[in-house]
Amino acid sequence: MTRITLITGGARSGKSRLAEAETLALCRARQRPLYIATAEPGDAEMTARIAEHRARRGLEWDDLHAPLDLALALDASDGRGPRLVDCLTLWLSNLMLGGHDIDAATNALLDALSCQRDPVVIVTNEVGLGIVPDNALARAFRDAAGFLNQRVAGAADRVALVACGLPLCLKGAPLTQAKDQP
Amino acid sequence: MTRITLITGGARSGKSRLAEAETLALCRARQRPLYIATAEPGDAEMTARIAEHRARRGLEWDDLHAPLDLALALDASDGRGPRLVDCLTLWLSNLMLGGHDIDAATNALLDALSCQRDPVVIVTNEVGLGIVPDNALARAFRDAAGFLNQRVAGAADRVALVACGLPLCLKGAPLTQAKDQP
Amino acid sequence: MTRITLITGGARSGKSRLAEAETLALCRARQRPLYIATAEPGDAEMTARIAEHRARRGLEWDDLHAPLDLALALDASDGRGPRLVDCLTLWLSNLMLGGHDIDAATNALLDALSCQRDPVVIVTNEVGLGIVPDNALARAFRDAAGFLNQRVAGAADRVALVACGLPLCLKGAPLTQAKDQP
Chain X
1 MTRITLITGG ARSGKSRLAE AETLALCRAR QRPLYIATAE PGDAEMTARI AEHRARRGLE
61 WDDLHAPLDL ALALDASDGR GPRLVDCLTL WLSNLMLGGH DIDAATNALL DALSCQRDPV
121 VIVTNEVGLG IVPDNALARA FRDAAGFLNQ RVAGAADRVA LVACGLPLCL KGAPLTQAKD
181 QP
Chain Y
1 MTRITLITGG ARSGKSRLAE AETLALCRAR QRPLYIATAE PGDAEMTARI AEHRARRGLE
61 WDDLHAPLDL ALALDASDGR GPRLVDCLTL WLSNLMLGGH DIDAATNALL DALSCQRDPV
121 VIVTNEVGLG IVPDNALARA FRDAAGFLNQ RVAGAADRVA LVACGLPLCL KGAPLTQAKD
181 QP
Chain G
1 MTRITLITGG ARSGKSRLAE AETLALCRAR QRPLYIATAE PGDAEMTARI AEHRARRGLE
61 WDDLHAPLDL ALALDASDGR GPRLVDCLTL WLSNLMLGGH DIDAATNALL DALSCQRDPV
121 VIVTNEVGLG IVPDNALARA FRDAAGFLNQ RVAGAADRVA LVACGLPLCL KGAPLTQAKD
181 QP
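Residue numbers (our numbering), protein chains in the order written: chain X, 1 to 182; chain Y, 1 to 182; chain G, 1 to 182.
If we strip away everything but chain X, and leave its shape as in the complex, we get:
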C-alpha cells in the first residue's frame, strides 16, 4: 500500500495538479481530502497563487494551515483520510526565515511520516538545476532543499519527478497520471 508519495519538479511544472489528482484517487467513499498548506500569504504574488490553487481544488477539500509544525499537522489529521502537503520548499523557507533548527524539524517530520496510517502526498520543488546562485543565502537554501528532498524521498513509498505536467517515476509505483491536462 502506498502511504507516502513525494512529487517533485520545477516551478509551474504541474506538480500540485498531479498531487491533487493523486490525493483524490486515494480517498475512499465519503472521505474528504485535506489540504495542508505551508505557504504564508505574505505578499501579493503568494496570496494570488494560494487563491488560484484553492479555486482549482474546489469545495470538496478541507484546509489546514501549517507553516511550521508539519509533524503536528500530520499527527493531528491522521485517521480522517488522505492529506496533501503543499509544499516542502515553502515549509523549509519558513523554517529558515524563522531561525528554526532544520535538522530537528526534519527529524520530527520523518518520525511523523513513519507512523501515519492514512496516505500523505507531499509536493516539493527542484531548485538546484540552475547556475550556482551569487548570494550565500540562496546557496544555503538550495543545499538545504536538496538534503530535505533526499531525506523525504528516502522515507517515501513513491517518488515522481514532474515536467510539462507529466510524471517520471523515480521510486515505487507510477502515479495514477492525471487525465485532463491544463
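If you're looking for bench data, these hints aren't it; they were derived computationally from the structure. In this text, all values refer to a predicted model and were calculated from it rather than measured experimentally. Glycine is no exception: its CB is placed at the ideal position from the N, C-alpha and C atoms. Do not rely on the hints blindly, as some may be mistaken.
A short, non-exhaustive set of chain Y residues, derived as facing chain G with CB atoms under 10 Å [what the hints assert, rightly or not]:
#1 126
#2 138
#3 141
#4 142
#5 164
Let chain X serve as the given structure and place chains Y and G on it in line with the hints.
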C-alpha cells in the same frame, strides 16, 4: 501515428540536435524538412547561435521565420512535410516583450496543432528548476513558460525530456534516439 | 562491461553518494577505490564541502587531486582499480578561470576515457534548467557545461540523472541503486 512531438530540456542539453534528427526521420522520400525559427537575431550571441544551428542542419532544410505567429506558420506550411519549431521559449519571450496576449496566442497555437496533417516537432526549454529569481519579470516568465509547456505537452502525442543529449520519455512513444553524439 | 559511468543531477541531489556506492560496487576483492577530486579548496564553503565528502567516504578510499589534468590522472591511475571523478563541472570551472583551451582539454579527456581498462565513475552537474542568467560569463559557463556533458555522455556506457537521491537511467544499464538514503 505521431503528429506532434514536444522535446524539452535545459540549455545546451542537446534538444535541438535530437529534434532535428526526429524531424529528418519523419521525412518521407523527396520531402524536405522545414525549420520554423522563432528567434529574433537581436544581439550578437543570438545571431551566432542561429548561424551555428543553420550550419549544423545543412542544406537539406528549408527555413521559415515566425517570431510571433506560429499558428499561421504551421497552417501555411501544412501539407509540405515535417516541420521543426525551435523554440517555444523564444516565441513566448517575443510575445511577452511585445505585450501580446499570451493566452490568445497559446489557444491559437493549440488550435493549429490540433488540425495539422503533417508532423510537427517542437523544442522548448525547462526554466523552472533553479532558485526563485529575484526579479518579478523573470518569475512571470518562468511561470508563463511552465504553463505553456504543460498545455503543449497536453496536446502532444510524444513528449521527451533531454539531458546530456539523451532523451527520457515523458509521454507516448520514445524518440528515435540520435545515434551520433556531438 | 561498464567502463565509463556518468552521473548527473542538480546541486545536493545525491549524485556523489550514488557515485561512491557505484564505485565501491565496481571494486573487486582487495581493490581500493580512488577518489579523483577536481575541487580547489579556495574558500571556506568549498573547504567544508571537501571535508564533509571525505568524512563520508571513510578510510577505504585513496585520494588524488586533479584540478586541471584529468586525462593524466586517469591514465596514471589506470590498472589500480575503479576511480571516481568528482566533478566535471568544477574541472570546467577551473579550466575557464585559468584561461585554458576547453576543447583541447575535453578532447584529451575523451581520448583518455576511450582507453581506460579500469572503470571510471564521473559526477557532473545540470546547470541549465533555470532562468537564463543575467551575466555573460554565467551564460558561457552553462553553455560549456552543457556541451561537455553531452560529449562525455556520448562516450559513456551508462548515464544516470539523479533527483532526490534517486537515479533515472538515461543510457545503458541502470545504476546499482544506493540502499541507504541519507
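Hints and how they fare:
no.	hint	verdict
1	126	5 Å, holds
2	138	5 Å, holds
3	141	7 Å, holds
4	142	6 Å, holds
5	164	4 Å, holds
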